[in-house]
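Here is how the chains run, residue by residue.
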Amino acid sequence: MTGSDVAAAAAGAQPRASGRDRRVAAITHPWLLRVASIALVFGLWELGGAIPVSIAFPRFSATIGAFAEMLADGTFAAAYSQTIRPLAVGVALTGFGGILAGIVMGLSPRARWFGLPIFIILQAAPSAAIVPLITFLYGIGFAAKVFAVVLLSTPVIVLNSYRGISDTPRLLLEMSDAFLASRWQRIWKVVLPAASGLIFAGLRLGVAQGFTGAILAELLITPTGVGDLITYHRSLAEYDHMFAAILSIIVFASVTITLLQHVEHRIFRGDRRVA
Amino acid sequence: MTDHAGKSVRADAAAASVDGGPEPVIRVVDVAKEYPGGVQALGGVSFDVPAGELTSIIGPSGCGKTTTLKMIAGLVEPTAGQILVQDRVVRGPGPERAFVFQDFALMPWATVLRNVAFGLELRGVPRKRREAIAREHIARINLTGFEQAYPHQLSGGMRQRVGLARALAVDADILLMDEPFASVDEQIRRKFQEDLLMLLSEEHKTVVFVTHSIEEAVYVSDQIVILTRGPGRVSKVVRPEIERDGSPDEIRRNPGYLDAVEHIWSDLRSYLET
Chain D
1 MTGSDVAAAA
11 AGAQPRASGR
21 DRRVAAITHP
31 WLLRVASIAL
41 VFGLWELGGA
51 IPVSIAFPRF
61 SATIGAFAEM
71 LADGTFAAAY
81 SQTIRPLAVG
91 VALTGFGGIL
101 AGIVMGLSPR
111 ARWFGLPIFI
121 ILQAAPSAAI
131 VPLITFLYGI
141 GFAAKVFAVV
151 LLSTPVIVLN
161 SYRGISDTPR
171 LLLEMSDAFL
181 ASRWQRIWKV
191 VLPAASGLIF
201 AGLRLGVAQG
211 FTGAILAELL
221 ITPTGVGDLI
231 TYHRSLAEYD
241 HMFAAILSII
251 VFASVTITLL
261 QHVEHRIFRG
271 DRRVA
Chain F
1 MTDHAGKSVR
11 ADAAAASVDG
21 GPEPVIRVVD
31 VAKEYPGGVQ
41 ALGGVSFDVP
51 AGELTSIIGP
61 SGCGKTTTLK
71 MIAGLVEPTA
81 GQILVQDRVV
91 RGPGPERAFV
101 FQDFALMPWA
111 TVLRNVAFGL
121 ELRGVPRKRR
131 EAIAREHIAR
141 INLTGFEQAY
151 PHQLSGGMRQ
161 RVGLARALAV
171 DADILLMDEP
181 FASVDEQIRR
191 KFQEDLLMLL
201 SEEHKTVVFV
211 THSIEEAVYV
221 SDQIVILTRG
231 PGRVSKVVRP
241 EIERDGSPDE
251 IRRNPGYLDA
261 VEHIWSDLRS
271 YLET
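From first to last, the protein sequence lines stand for chains D and F. Going left to right, the first sequence walks through residues 1 to 275 as my numbering numbers them. Going left to right, the second sequence walks through residues 1 to 274 as my numbering numbers them.
FYI, nobody ran anything at the bench for these hints, they're computed from the structure.
From chain F, some residues computed to sit far from chain D (all C-beta separations above 12 Å):
hint: 1; residue: E23
hint: 2; residue: P36
hint: 3; residue: S61
hint: 4; residue: L143
hint: 5; residue: V184
hint: 6; residue: E215
hint: 7; residue: V234
hint: 8; residue: R252
hint: 9; residue: V261
hint: 10; residue: H263
hint: 11; residue: W265
hint: 12; residue: R269
hint: 13; residue: S270
Simulated restraints, written as ranges between beta carbons of each label pair:
hint: 14; chain 1: D; residue 1: P30; chain 2: F; residue 2: H204; range: 51 to 61 Å
hint: 15; chain 1: F; residue 1: P108; chain 2: D; residue 2: W184; range: 18 to 28 Å
hint: 16; chain 1: D; residue 1: A253; chain 2: F; residue 2: P126; range: 41 to 51 Å
From the three backbone atoms N, C-alpha and C, an ideal C-beta is built for every residue, glycine too.
Using the sequences and the hints given, assemble the complete structure.
Now the structure itself:
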């Protein structure tokens with residue numbers, strides 16, 4: 001949007017722009033660039049599949065065909081209804097607990113000294129290596145999968161919330177003091193809206209991480225849901241179906257993250273809705 | 001407009017006067033401020049602010065003007081001495097004082113309407129009432145039509161008017177202004193100075209106004225406190241008794257005005273040279 005405004009402004013400022021300028025403006029139009037970027041990736045994919053790079057690497061067109069088929073016959077619906085449950089429970093837990101932990105750490109130095117090292121270590125830990133160990137603690141059931149989601153999504157949510165809270169502009173804190181805000185008013189009306197950008201960025205990344213956790217659990221602990229789709233089709237060498245399952249993860253995660261962004265703008269940042 | 005302002009401000013002050021001098025509503029008594037690390041910002045500052053008048057604090061940068069103002073606001077605690085507002089020792093911000101920030105301090109996520117009404121929102125005034133009050137003040141600062149705009153859609157001058165409206169909306173007796181016109185350009189600045197004088201003539205408020213512009217201080221003030229640097233001390237308190245009968249341009253050419261500017265400048269220069 002901003003790009004098109006700039007392009008429009010440039011066109012308006014120079015009414016007698018040369019044909020070349022106009023062609024440049026048309027070529028650099030944001031939508032055209034976006035479509036071109038996607039087309040380039042899919043084109044390379046198609047090419048890679050046509051060579052083929054590997055027999056396990058299907059063409060883009062074959063993957064899309066498998067995708068449509070799995071969407072139509074309800075395979076995706078069944079798989080996602082399984083995967084989404086530990087994901088939803090895990091993300092709800094970390095979304096609530098993680099943001100709360102981040103806020104407390106942002107507001108209290110003692111909580112920060114105690115908590116920050118734990119989450120920094122967790123973030124740096126090799127999660128794919130840890131996920132199979134969960135079975136020793138939680139077996140191979142639902143709880144293990146929820147734990148995998150929590151394990152992967154917590155650090156980024158906590159650390160982003162903490163960063164957002166501790167970066168609240170001092171000037172706004174001073175303003176709220178000058179206008180007699182109580183402690184709670186200050187947190188609810190100033191600190192949280194100011195931090196909402198980073199908190200929601202953490203939540204979006206956390207959902208993506210949690211998704212990775214859910215799939216990892218399905219691949220490494222017990223084959224169910226989308227993870228099972230990948231494992232199953234790989235074992236049958238139906239690579240187009242396997243890649244269609246991977247593609248569906250990307251689509252699902254992108255849609256979820258975009259929805260979250262809308263929620264954020266509705267609740268906290270009305271000023272960014274227009275931008 | 002401005003001459004009215006000047007007259008009524010002084011008339012008001014005269015009404016409140018006892019023994020020829022107006023009653024002080026703020027008393028700064030031997031106030032010192034040392035920041036952690038041993039930086040002495042202020043070393044024993046004392047002055048009175050008469051009720052219903054406009055008092056400017058002026059001085060070179062780093063002399064503690066803003067620190068003094070924030071201590072009156074209760075946002076910064078003095079390390080020694082005390083500040084009395086309406087005969088009570090300042091221990092924090094209070095409803096009788098409102099602050100106008102140099103960098104506006106508007107909430108970027110809130111509309112003009114919510115920003116102006118924010119002080120009332122924090123005091124628990126019901127939404128309908130506080131928005132009605134905010135609309136009145138938005139009209140007074142000529143921003144009607146911008147109620148639903150966000151700060152990033154406004155110019156610097158408009159943002160500062162929003163900051164002023166927010167301070168006026170809580171209807172405090174004392175207005176504390178920290179270089180309110182420093183972030184706007186010269187033409188708008190002069191217009192603001194006149195608007196401020198007019199507003200004050202209607203509101204009868206006590207104003208403490210921090211500025212680094214001698215001309216601005218002389219133009220708007222009934223009393224000027226001159227601070228010096230390292231650590232900040234009161235060098236002098238001046239009352240620039242200027243005839244405010246006439247247009248703003250006439251006032252700026254008035255010998256009394258020019259003398260007062262020259263007087264303050266020579267005083268400040270002697271400190272800068274040593």
